[in-house]
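S.K.: Protein chains in written order, with the numbering used here: chain E, 100 to 381; chain G, 208 to 366.
Note that these hints are calculated values from the structure, not bench results. Check before you lean on any hint, since a few could be wrong.
As the list claims (entries may be wrong) - With a cut-off of at most 30 Å between alpha-carbon atoms, the simulated DSSO-like pairs for lysine-lysine come out as follows:
{"no.": "1", "chain 1": "E", "residue 1": "Lys137", "chain 2": "E", "residue 2": "Lys331"}
{"no.": "2", "chain 1": "G", "residue 1": "Lys216", "chain 2": "E", "residue 2": "Lys101"}
{"no.": "3", "chain 1": "E", "residue 1": "Lys258", "chain 2": "E", "residue 2": "Lys151"}
{"no.": "4", "chain 1": "G", "residue 1": "Lys350", "chain 2": "E", "residue 2": "Lys151"}
{"no.": "5", "chain 1": "G", "residue 1": "Lys210", "chain 2": "G", "residue 2": "Lys230"}
{"no.": "6", "chain 1": "E", "residue 1": "Lys137", "chain 2": "G", "residue 2": "Lys350"}
{"no.": "7", "chain 1": "G", "residue 1": "Lys230", "chain 2": "G", "residue 2": "Lys216"}
{"no.": "8", "chain 1": "E", "residue 1": "Lys305", "chain 2": "E", "residue 2": "Lys331"}
{"no.": "9", "chain 1": "E", "residue 1": "Lys363", "chain 2": "G", "residue 2": "Lys210"}
{"no.": "10", "chain 1": "E", "residue 1": "Lys101", "chain 2": "E", "residue 2": "Lys137"}
{"no.": "11", "chain 1": "G", "residue 1": "Lys279", "chain 2": "E", "residue 2": "Lys164"}
{"no.": "12", "chain 1": "G", "residue 1": "Lys210", "chain 2": "E", "residue 2": "Lys101"}
{"no.": "13", "chain 1": "G", "residue 1": "Lys350", "chain 2": "E", "residue 2": "Lys101"}
Note that the structure is predicted; figures quoted are calculated from it, not measured.
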Amino acid sequence: MKSFEFFEPTTLAEASNLFAQEHAQLLAGGTDLVIGMKAYTETPETVISLQKIPGLDGITTDNDKSISIGAMTKVRQVELSEDIQQYHTALAEGASEIGSIQIRNLATIGGNIAHASPAADTVAGLLVADAQVDIASADGERSVPINELFTGPGQTVLKPGEIITQFRLPNPVSGSHYIKHKIREVMDLAFIGVASAVNVQNGVIKEARIGLAAVAPTPIRATEAENLLSGKIPTPELLAQAGEAAAAATSPISDLRCSAEHRKEMVDVLTRRTLQNALDRV
Amino acid sequence: MAKHPVSLKVNGDEHDLLIEPRKTLLAVLRDTIGLTGTKEGCSTGDCGACTVIVDGKAVTSCMVLGVTASGKEITTIEGLASDGELHPIQQAFIDTGGYQCGFCTPGFIMASKALVDENPDRTEEEFRFALGGNICRCTGYTKILEAVLQAAEEIRTDS
Numbered sequence: 100m101k102s103f104e105f106f107e108p109t110t111l112a113e114a115s116n117l118f119a120q121e122h123a124q125l126l127a128g129g130t131d132l133v134i135g136m137k138a139y140t141e142t143p144e145t146v147i148s149l150q151k152i153p154g155l156d157g158i159t160t161d162n163d164k165s166i167s168i169g170a171m172t173k174v175r176q177v178e179l180s181e182d183i184q185q186y187h188t189a190l191a192e193g194a195s196e197i198g199s200i201q202i203r204n205l206a207t208i209g210g211n212i213a214h215a216s217p218a219a220d221t222v223a224g225l226l227v228a229d230a231q232v233d234i235a236s237a238d239g240e241r242s243v244p245i246n247e248l249f250t251g252p253g254q255t256v257l258k259p260g261e262i263i264t265q266f267r268l269p270n271p272v273s274g275s276h277y278i279k280h281k282i283r284e285v286m287d288l289a290f291i292g293v294a295s296a297v298n299v300q301n302g303v304i305k306e307a308r309i310g311l312a313a314v315a316p317t318p319i320r321a322t323e324a325e326n327l328l329s330g331k332i333p334t335p336e337l338l339a340q341a342g343e344a345a346a347a348a349t350s351p352i353s354d355l356r357c358s359a360e361h362r363k364e365m366v367d368v369l370t371r372r373t374l375q376n377a378l379d380r381v
Numbered sequence: 208m209a210k211h212p213v214s215l216k217v218n219g220d221e222h223d224l225l226i227e228p229r230k231t232l233l234a235v236l237r238d239t240i241g242l243t244g245t246k247e248g249c250s251t252g253d254c255g256a257c258t259v260i261v262d263g264k265a266v267t268s269c270m271v272l273g274v275t276a277s278g279k280e281i282t283t284i285e286g287l288a289s290d291g292e293l294h295p296i297q298q299a300f301i302d303t304g305g306y307q308c309g310f311c312t313p314g315f316i317m318a319s320k321a322l323v324d325e326n327p328d329r330t331e332e333e334f335r336f337a338l339g340g341n342i343c344r345c346t347g348y349t350k351i352l353e354a355v356l357q358a359a360e361e362i363r364t365d366s
């Protein structure tokens with residue numbers, strides 16, 4: 100590992116000023132950064148730990164059941180949170196799919212998202228929760244919807260010095276489900292990740308959201324498929340149409356994990372399956 | 208680069224150290240403090256050989272910078288036995304033959320300890336799944352699982 104200057108600031112403003120410098124990296128859980136530094140794919144000159152900044156960690160549920168998740172909250176805590184399991188099941192399921200328990204005890208949800216891997220396991224769940232990403236810097240604060248955060252593999256709209264502080268999940272969904280398509284039960288990366296969430300009233304789908312990971316340069320929502328579903332009574336034919344529309348929204352690559360054709364086909368299958376399971380959970 | 212003052216509480220002992228920020232917790236434990244029971248396997252978080260318990264949670268110490276562990280309580284395999292008595296999990300690994308070459312054993316025992324402390328009522332399937340972050344290169348998984356189930360059973364009966 101290359102040498103670097105290490106800072107452990109206690110305020111966001113201080114962290115932001117340090118992070119605005121060139122060749123600076125934020126350290127959250129370290130499960131991506133430390134491994135990257137060992138492999139020399141990350142060679143920061145300055146590393147800024149966020150763990151001493153108060154208020155970045157923890158899950159809070161308001162009276163209206165909206166939930167805030169601090170960026171430094173461990174993925175394991177997201178996985179085990181009863182409120183997230185109940186109101187945003189797909190997100191708890193996604194969190195439980197990351198690495199091993201040892202890794203989930205280190206990794207943070209903010210790090211999983213800021214790393215901007217199109218295959219991140221918490222991202223599909225946050226997409227279908229319609230999460231807002233709160234961002235702070237020395238210049239102030241702003242908030243962006245999670246589906247506008249990513250611009251490419253490893254790339255986000257975050258500007259130098261900007262730090263994700265929390266995720267806000269506005270409303271509970273009636274039912275949701277995440278499937279990670281993978282080979283190993285644990286310690287694997289997603290071939291693809293699919294989350295579906297539905298709000299249902301009197302047997303009619305009021306709103307559907309579909310989040311897809313590892314099938315495009317960024318995680319995406321399958322909005323055409325969502326629109327097909329809204330206002331309809333769910334039937335196998337309708338879910339099949341939604342699956343096809345979701346697959347059509349993807350632009351996957353072929354890599355050593357699997358082919359683009361396989362990914363597209365599995366988006367169709369897993370969109371149907373996650374929708375059905377989300378509906379069954381309502 | 209400047210070394211940083213770090214206070215680690217390892218197995219109940221305080222260590223005030225000056226360490227380079229690029230040293231992992233694993234390297235600090237093994238090279239600086241001299242506790243070589245914790246093993247370095249893959250060094251990328253995949254094998255679990257470096258598992259230690261930090262503030263009650265099992266973590267892969269190869270992914271932790273030592274400077275970020277300052278002020279935390281760390282338990283390594285050397286800290287499990289007390290007054291010459293092995294911890295029930297250590298004893299269970301011996302009783303069942305839950306080790307072959309022994310390289311993965313400290314990691315498996317520390318991961319198992321955290322699991323059993325958290326919830327000894329897990330089913331076999333749940334323990335199997337929860338230990339997915341540890342690899343045994345001798346493939347002695349059946350005996351390892353027997354050891355963990357035996358220890359969990361003992362701890363359930365004792366409490």
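S.K.: Would the hint linking Lys258(E) and Lys151(E) be met if the CA-CA limit is 30 Å?
M.R.: holds, 22 Å
S.K.: Are the Cα atoms of Lys363(E) and Lys210(G) separated by 30 Å or less?
M.R.: Violated, at roughly 50 Å.
S.K.: Keeping to a limit of 30 Å between CA atoms, is the pair of Lys305(E) and Lys331(E) held or broken?
M.R.: holds, 8 Å
S.K.: Need the status of pair Lys137(E), Lys350(G): alpha-carbon distance at most 30 Å?
M.R.: Violated, at roughly 34 Å.
S.K.: Would you mind confirming whether the straight-line C-alpha gap from Lys137(E) to Lys331(E) stays at or under 30 Å?
M.R.: Cα-Cα ~52 Å, so violated.
S.K.: Could you grab the alpha-carbon distance between Lys210(G) and Lys101(E) and see if it respects the 30 Å cut-off?
M.R.: holds, 14 Å
S.K.: If you draw a straight line from the CA of Lys216(G) to the CA of Lys101(E), is it 30 Å or shorter?
M.R.: At roughly 27 Å apart (the allowed maximum being 30 Å), Lys101(E) and Lys216(G) satisfy the hint.
S.K.: Taking only the CA atoms, is the gap from Lys350(G) to Lys101(E) under or equal to 30 Å?
M.R.: violated, 41 Å
S.K.: Is the hinted pair Lys279(G) and Lys164(E) satisfied, with a Cα-Cα distance of at most 30 Å?
M.R.: Violated - the C-alpha atoms of Lys164(E) and Lys279(G) are around 34 Å apart, more than 30 Å.
S.K.: Holds or violated: Lys350(G) with Lys151(E), Cα cutoff 30 Å?
M.R.: violated, 42 Å
S.K.: Take a quick look at whether Lys101(E) and Lys137(E) sit within 30 Å of each other, Cα to Cα.
M.R.: Satisfied, since the Cα-Cα distance of roughly 8 Å is no more than 30 Å.
S.K.: Does Lys230(G) pair with Lys216(G) here, judged by a C-alpha cut-off of 30 Å?
M.R.: holds, 17 Å
When the structure is compared with the earlier hints, violations turn up for hints 1, 4, 6, 9, 11, 13 and for no others.
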